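Here the protein sequences line up with chains A and B, keeping their order.
For the first sequence, the numbering used here gives the first residue as -8, with consecutive numbering after it.
For the second sequence, the numbering used here gives the first residue as 172, with consecutive numbering after it.
Simulated from the structure, these hints should not be mistaken for laboratory data.
Treat the numbers as computed from the prediction; the structure is a model and nothing was measured.
Check each hint, because a few of them may be wrong.
What the hints assert, rightly or not - Residues from chain A that face chain B, not an exhaustive set, calculated with beta carbons under 8 angstroms:
| id | residue |
| --- | --- |
| 1 | L11 |
| 2 | A83 |
| 3 | F102 |
| 4 | L255 |
Just so you know, even glycine gets a beta-carbon here, dropped at the ideal spot from N, CA and C.
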Amino acid sequence: MRLARAVDSALLAIAVFIFLFIVLFPFYWIVLSSFTPKYELFTIPPRYWFSTFTLENYQALANSIPLVRYFVNSLLFAAGSSLVSVAAAFLASYALARIQFRGANLIFIAFVMSIALPQIGGLVPLFELFKSTNLINTYHGLVILMSSLVLPFTIWILVPFLRQIPYEIEEAAIMDGARLPQLFWFITLPIMRPALVTMFIINFIIAWNELIYPLVFATSGSNKTLSVGLVELAVQPTAGGGRPWDLLSAMSVVMIVPILVLVLLFQRLIVSGLTRGAIK
Amino acid sequence: MRRTAILIGLLLLPAVALRLFTAIYPFFNTVWLSFHDWNPAFPPQQFVGLKNFQALTRDIAVTSSISFTVLFVTVSTLLEIVLGMAIALMLNRAFFGRGAVRAVNLIPWAIPMVVAAIGFRWMYDTQYGVINDLLHRTIGVKVPWLVDFWGARAAVIATNVWKSTPFVGLVLLAALQGVPQDLYEAGRVDGTNRVSAFFYITLPLIMPQIVTIGLFMVVWQLAAFDLVFAMTGGGPGFATQVLAYRIYQVAFTALNFGYASAISMVLFIVVGIASIIGLLLFRKVEVSL
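Please put together the full structure from these sequences, using the hints given.
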């Protein structure tokens, strides 16, 4: 019996170790590459440890693309999109969860089902629509697209969340003569704060990682995001035919660090938000 | 009464407007465009009936992208569910540092797909890549990953599975935590061992969640774009071409808007079929409970 338990915990430890290795090794490799001088990246066999630590890849990256500009664009794009999506979803969820009207459930289901419409399938009409309304290469155009993309999932999470909160407090406030803006500001928003913050963070991460919309709708340098800058570096033809792995690894690190900070700070909230949809 | 109706309208307006503008209208317009010839450089749209659809049945770039998309999604989803289940079972056990390991499990979901694609592309490099070096050291072989037909397909699927499995594991872990503990107690009293407890208690109880997440992954991965775009560009040849990337190329490189819309229709239909199968399956497991 004791032996069986020892074997059991040994197997568990091995499984955890293999898991950690598979998940973390690619990150180690990207970070290692980003601090390794270019000429040392192309050795056979590759070096598994920092031999010559250098920041020159980051320097070269900042010299070859407008890195700060792209970083700020990504930040504004992600923050704006998640703010708009959470705000629109909050208003819609209030109507769908709190006001008893016929068809509320149908509208809710329609929102959720629209997740299945593939983003890529609507690009051509969207492109023409954006051209004719002068929204291409604009910040608000990108925010409209991205906030709409994450909206169904946000509504999917917020409506059940609001439905499970008892209505009494809001009812009492209405009895006391609170108007809708006051009700939202003093009662509903504070009650929903955990869910709203969660969805803001999740949508921020999704928007930060987004490629297709900025790739198609931000064609001028001043609007490009980090994701677009990264794939441009990766697909553009180079003199020797190889890829600039020094720049690519440095840029990958730049793009991952803010995400890692968010994940470490808000792990609990993110997990609760992501699993709430599937588990009910 | 009337005031309530206005209020409902106002509250729903931003969300409905966003979806109509960026998802519903483009969808119907794509359906319309798929029966037309349209190059934005030569403006007038011309109605051509089924010509685009006839053309795509003979277009090897499209047919191979359909077959790889289906293969990519099927293999990825199956692996994600099996491996995700393993991760969930592991993270459901009590061990030192479990909180930290759960945080690590969140990271692949959170990072951009383009970063995963590019990082793995570097690691899969035939000559300088670390994966071939590790293979060479352990079993003495080197695989020409991204330049070989099946090598590239395997590499793309493996990268996708690496990125998406932890998310599936996360959802399945939450499902496991919802299984009432007393069922296991009862099982133990009856002398059930851990393996049969998994197959006779856990699995049937969380089957609805498995089907839900499976359906979600299928629908989502059918439209996968970033990975192939950043990792292989669809190559070598058309080996790793997926529908979403084909649509992008036909629309924005070849500027053949009508034809791109017809390929989008194929994608819509495949997503539709997958959703119907998924919903039927979900019904079945829900009812059988």
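Cross-check of the supplied hints:
{"no.": "1", "hint": "L11", "verdict": "6 angstroms, holds"}
{"no.": "2", "hint": "A83", "verdict": "4 angstroms, holds"}
{"no.": "3", "hint": "F102", "verdict": "7 angstroms, holds"}
{"no.": "4", "hint": "L255", "verdict": "7 angstroms, holds"}
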